[in-house]
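Novice: Sequence:
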Amino acid sequence: VQLQASGGGLVQPGESLRLSCAASRSIVSFNAIGWYRQAPGKAREWVAQITSGGTTTCSDSVKGRFTISRDNAKNTVYLQMNLLNSADTAVYYCVAWSSSTPPYWGQGTQVTVSS
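Residue numbers for the sequence shown follow this note's numbering, so the first one is 1 and each next one is one higher.
Don't take every hint at face value.
As the list claims (entries may be wrong) - Below, computed lysine to aspartate or glutamate pairings styled on DMTMM-like, alpha-carbon distance capped at 20 Å:
{"id": "1", "residue 1": "K42", "residue 2": "D60"}
{"id": "2", "residue 1": "K63", "residue 2": "E15"}
{"id": "3", "residue 1": "K63", "residue 2": "E45"}
Think of the hints as simulated: they come from the structure by calculation, not from any bench.
With the hints as extra help, turn the sequences into a complete structure.
Specialist: Structure representation (structure tokens):
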């Protein structure tokens, strides 16, 4: 299984970005797909996830600003990030959970929020 994350970049505070995670197989075959992030010098932090049934959850630190969604036909999960601030600067990783294997991790995509 391959997870291809994309969409990162450099933005100013208050701006938006949309990250994409394209999977090499049907995303509904996973129990859930989500995003983690890791800022310099900090532990990896769970951000949001969407289950195979479509239930979405996100961390308190991004609630109200970030939205996770998916396009089953494209086998792609999205993370819409609004009102970005410097605390959101991190490498963002896509991860897929399956009941029979360890989680699958994609490569990271860098998000930098700076004026």
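Novice: Now tell me if each hint is right for this structure.
Specialist: Taking the hints in turn, this is what the structure says about them:
Using a Cα cut-off of 20 Å, the hinted pair K42 and D60 holds, with the two alpha carbons roughly 17 Å apart. Restraint check: the Cα-Cα separation between K63 and E15 comes to about 16 Å, which is no more than 20 Å; the hinted pair holds. Proposed proximity of K63 and E45 is supported: the alpha carbons are some 14 Å apart, at most 20 Å.
In this structure, every one of the numbered hints holds.
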